[in-house]
Amino acid sequence: MANAKARIGQAAALHRQAVATVAAAAGALDDFRPAPPDQREQHDLVERLRAAAATLVPGWLGAPLDAQSEDTPLGGPLLPQFVRVGMAQPLDDARFPAVVPLLGTGHLTVDADARDPRVAGLLRALLLRLLAAAPAGSLLVRGVDAAGPGWFSGLLSRWPTPA
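If you read the sequence shown in the working numbering, its first letter stands for residue 1, the second for the next number, and so on.
Where hints are given, some of them may not hold.
[What the hints assert, rightly or not] Label-pair ranges, simulated between beta-carbon atoms:
#  : residue 1 : residue 2 : range
1  : Arg95     : Leu131    : 23 to 29 Å
2  : Leu108    : Ala12     : 53 to 59 Å
3  : Ala67     : Ala112    : 24 to 30 Å
4  : Thr72     : Leu122    : 19 to 25 Å
5  : Thr72     : Leu45     : 26 to 32 Å
6  : Leu78     : Ala26     : 51 to 57 Å
7  : Ala25     : Pro77     : 55 to 61 Å
8  : Arg40     : Arg16     : 47 to 53 Å
9  : Met87     : Pro135    : 26 to 32 Å
10 : Arg124    : Leu103    : 17 to 23 Å
11 : Arg48     : His15     : 48 to 54 Å
12 : Asp38     : Met87     : 20 to 26 Å
13 : Arg50     : Ala112    : 32 to 38 Å
14 : Gly137    : Arg48     : 54 to 60 Å
Just so you know, the hints here were simulated from the structure itself, not pulled from any lab data. This one's a predicted model, so the numbers in the text were calculated from it and none came from an experiment. Yeah, the Cβ is synthetic: ideal placement off N, Cα and C, and Gly gets one too.
Construct all of the structure, not just a fragment, from the sequences and the given hints.
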């Protein structure tokens, strides 16, 4: 019985020590204020990223979709290597195109719920960009719902077989 009482006393002491450590850490974290980022450095980085995006994703692959005209040429000589998926905004007054590589020159995985309207918008924009920028006949589109209950299954019967 004395052994059990000693263990309970030791556990209680360890618990009090843990509570004190958590309280001290919480106080230290509450008082911590990170140094403000150098705004000029952030703006310079955004400009470099904007310039890189302009080089990596020209035309349909990277320009704002609402800025494209009917006269914008379709297709291109090469398969797309990168595509714009949105805009990043690290500061209130600094934005740049978010660009992702097409894995293995043509694969892109989206790990999100297909029922989310933002995901549907992303997929529509990606398809438009890639179909408009790729050379005619060079793009094969396959929707794969690897985790869900088959949200794309109704569409598969309407798609032509791959050539």
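**OP:** Return the numbers of the hints above that this structure violates; sort them in rising order.
**Re:** Numbers 13 and 14 - these are the hints that the structure violates, sorted from lowest upward.
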